[in-house]
Amino acid sequence: MVTPSRRQLSSPIPEVPMFKKILIANRGEIACRVIKTARKMGIKTVAVYSDADRDALHVEMADESVHIGPPAAAESYLLIDKIVAACKATGAEAVHPGYGFLSEREAFPRALAEHGIVFIGPHPAAIAAMGDKIESKKAAARAKVSTVPGHLGEISDSKHAVKIAREVGYPVMIKASAGGGGKGMRIAYDDKECEEGFGLARSEAKASFGDDRIFIEKFIVNPRHIEIQVLGDKHGNVLYLGERECSIQRRNQKVIEEAPSPLLDEKTRRAMGEQAVALAKAVGYDSAGTVEFVAGQDRSFFFLEMNTRLQVEHPVTELITGIDLVEQMIRVAAGEPLAFKQADIKLNGWAVESRIYAEDPYRNFLPSIGRLTRYRPPVEGPLGNGTVRNDTGVVEGGEISMYYDPMIAKLVTHAPTRLEAIDLQAQALDAFAIDGIQHNIPFLTSIMQNKVWRSGKLSTGFIKEEFPDGFVARAPTGADLETLVAVAASIDHQGNVRRRAISRQMSGPAVRFAHHRVVAVGSEARAVEVAGQIGAPTIVTLLGEDGTPQRKLTLVSAYWPGEPLWQGTVDGQPVSMQVRSVLNGHDLAYRGIAARTHVYTAREAELAALMPVKAPADMSKFLLCPMPGLVKAVHVAEGAEVKAGDTLAVVEAMKMENVLRAERDGKVKSVKAKAGESLAVDAVIIEFA
Amino acid sequence: MKEILNELERRRTSARLGGGQARIDAQHGRGKLTARERIDLLMDQNSFEEFDMYVEHRSIDFGMEKTKFPGDGVVTGWGTINGRVVYVFAKDFTVFGGSLSEAHAKKITKIQDMALQNRAPIIGLFDAGGARIQEGVAALGGYGDVFLRNVLSSGVIPQISVIMGPCAGGDVYSPAMTDFIFMVRDTSYMFVTGPDVVKTVTNETVTAEDLGGAKVHTTKTSIADRAYENDVEALLQMRRLMDFLPEHNRAGVPVLPTKDSPDRLELSLDTLIPDNPNKPYDIKELITKVVDEADFFEIQEAFARNIVTGFARMDGKTVGIVANQPMVLAGVLDSDASRKAARFVRFCDCFEIPLITFVDVPGFLPGTAQEYGGLIKHGAKLLFAYAEATVPKLTLITRKAYGGAYDVMSSKHIRGDVNYAWPTAEIAVMGAKGAAEIIYRSELSDPKKIEARIEEYKKRFANPFVAAERGYIDEVITPHATRRRLCRALNMLANKKAENPWKKHDNIPL
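Residue numbers (the working numbering), protein chains in the order written: chain A, 1 to 689; chain B, 1 to 510.
None of these hints come from the bench; they were simulated from the model.
Take these hints with a grain of salt, some might be off.
Using C-beta positions, here's what the derived DEER-type ranges look like [as the list claims (entries may be wrong)]:
(1) B:N249 with A:A680: 36 to 42 angstroms
(2) B:N203 with A:R376: 56 to 62 angstroms
(3) A:Q253 with B:T478: 24 to 30 angstroms
All C-beta atoms in this analysis are idealised placements derived from N, C-alpha and C, irrespective of residue type, glycine included.
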């Protein structure tokens, strides 16, 4: 273990040669992210790719690329030998592991070292020391890091568990030592729950991780997830680069991160930072790493674990510190000492990051895979009084496959204050157009308008508490509704003006069109007057019930029919709105609001009001195809009686077989699909009597 | 004078009420609009001029002389859609259930004659109970007069029918001879004989919806080209359709100014074709990314989905698109797809609408069902339609163009003007596997050998260059440049003049 001496810190260190070529043992956005920095530093890059990533962006961006196997990560990105061979073949001197995959496998840096290849990350002993939850807690305790009251030793049986729980004080959390992702985790509020929870946690831990060691600790009510970014070099220097708050999580998966944390004050920040540094020093940490804490609402904080890699959410730290963490990782790996000191680290402004996932927020976040028929991220760079950054690994026409993480991009905004950064994030999310797959942008942009989120009074239970019934699009009201009405009217009006320019019209006076329109938004309708020529601002006057003008809005936009995004200003305020054409209207979405709009003349509106409202067809009598896929088998025939839970059909989507079961007892009226047929989502497979 | 003007207004008001307020309310109660309301939606505001508002029937049988309504069950006239002239007749269900009398037929034929003579499209809105039985043969004669004019107008002016209520018996044949039929879901149906007669004659029990509803006609019979949710949706879409269509067969297509650059590149098209040749992709992505503003008016969307047909614009000018759809039955040509596309190609050729054909076709569908169903004859219809068409014809082969289907899909050999291929195109008699297994049948027992043979065949034919060597493909283009290439080619072909030998008419295999 390296113990820094005063001498080492102060004496000038001879210039170390920088790598000429590095390999990135990863894919997707993080591979692209690392390549960008390497390029900036004048270092050549080597990408590795599986069959599924042949046309991926990271392969295109790298100077060289090496194919390492079939799509499954276990047969490609997780194979140390393949990575080593790729380094040998291309002459890469060092490897950046990104996050996930091999980034926290102790064996990986050891294998690289055997072949004289540098690992751009911490030394293997640090990875090993922090990899085990119990070991890392012991190390933290030794380094005088504040840990959650609990029992660090292994627990023999449920009686022992109850004894410890009483010592720690209820509520307690019972956790698998080797655990992660919530598996083998139980919360107990009394002895009985503790006994039960211990048994369940142990069997789950054994089944999931093959390791039934369990530990118990105090359960923090309304906890927040706050982590400290640390950065060390091979010369014993370790600094902390402020904190990140990642309390907005869905099922232990981080969704939105920010830096700094709205909870911390300067004193707590320093205390957490210094403890994180103490721990890092204790293990001789010599790269970028993250010390995670659980924090109480009273700013008490307790060590959770240390991640010995670059975190997904590192960009928020980069934006508020101005430090390129990947660059620092590469420099320290090459042997350079850190070029700055703790006192040089200044936090500037606020940064917010949203993780854009390929999942359907309207269907309980079901993963969505397929071709990105449209992928138009907002423009990166200055926007308003801040900046927009988008870390992504895909391009339009790319594929979101089932083999890897469903994250499409990380959208980060940076502004002087938290609310400004949030508003910028909302604006950037609204300007993000993705088609072909389902994505969580409506959910994210909805969170940006959430009062609790905006107040900064967060906890890891935020999503569960604020969206108890899952996500539903907000209904437009007030000013949002008026903006929506105005944009809908403007799109329609510009379209009409253009249609009146069609060739081969009858000669004589041009047909005159009324300026009065009725905008139907969902079930609401607002009367407006619209005026303005193509290229000029559209003036939309909202009319009251009695037809008197109530509010006049001026819309400026270069929007043209067919574009997926209406971007412009409404009364001088920037607005980005998603636009998708439907019959005689448009689906508009922004700020978590989604609404179908139709713009009618007064006469059309009057007649449209006479049209019957058709109840959506009752689909409960049908088995629908849950995703686009191939019917592998239909297990029931016409007239068959089925019981709830019976297998009805198997649909294969992206090589994954999905067994569709009966939700309730019933009788099959007819079978509408047969094996071998390709079905669209919601296609009828079976009709019940 | 004032009194006279007042009298005119009184007569107009009374005529406009059709069968009276009670019947109008009943019509609304059924979820339908009245004839005049429908015309209001279809035409530019205040542009409709009604003719023959005061016409009444002259029947004196069965007490008919006592019940007369001005207009006699049909509203006729002309107006504009975005400034372009259109003739219209709309059956008025509130008057005698919209049934056809001699006078009623005369009103329609008058409008048909004007439309033909003055060369402007005609739209018929149907919602009627068939012939007025009280008039007997006079009504039948009226139908015949309408039918004849449908036929004479065919191929001269676009004729559109929208079925917005019952349409049965003699009423069905006029729409059947027009260019396009649209229906409204749940409120319209079309059949020659209704459920009662069916029950009496064949003892089948069937509802009007199951016998001739919008679903049946858009998915099973292909009689209807598209269905809409209600009257408003249907009529506003008719306005959209009319913006694509020329007024008559010599007018040339209308031009809608656009800012969508003809030079727009679509980089994502470079990855449209999956690595795996058996994996489908959505041809509609190609269509919507290549045409102006992603605006595609699909015809027969729900029928024979293995081929896609519809209207779009390139640099502001209407084109007809025909495309194999790999998502459905691998884009194979079968009887239904051939008939659907053939009719669409002939419509475009009639009205000088240039054709763009996107080809990814594995061949014709094998099997007894197809052969017994007359695949030879139906496939020949599409071949015939393409071969006889003299409009500008652009073809782009994206992936497979196998066997006879290659020839059929607007190939060079049947006068394709500009035939492009993407580098992913494979133009061959069949897929490599099938071909190698036939040529090297003797080596079938040795999988290693046959694998090598398949590779060999693939190398030789699974590309566009063998065809390009012979000039069957004019140029191999990059996918992302497709829009630019097609727009340029269309402009180059703007003065195309091609004629078929004089004939009374051809003898397409009907």
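Checked hints:
| no. | hint | in the structure |
| --- | --- | --- |
| 1 | B:N249 with A:A680: 36 to 42 angstroms | holds (38 angstroms) |
| 2 | B:N203 with A:R376: 56 to 62 angstroms | holds (60 angstroms) |
| 3 | A:Q253 with B:T478: 24 to 30 angstroms | violated (40 angstroms) |
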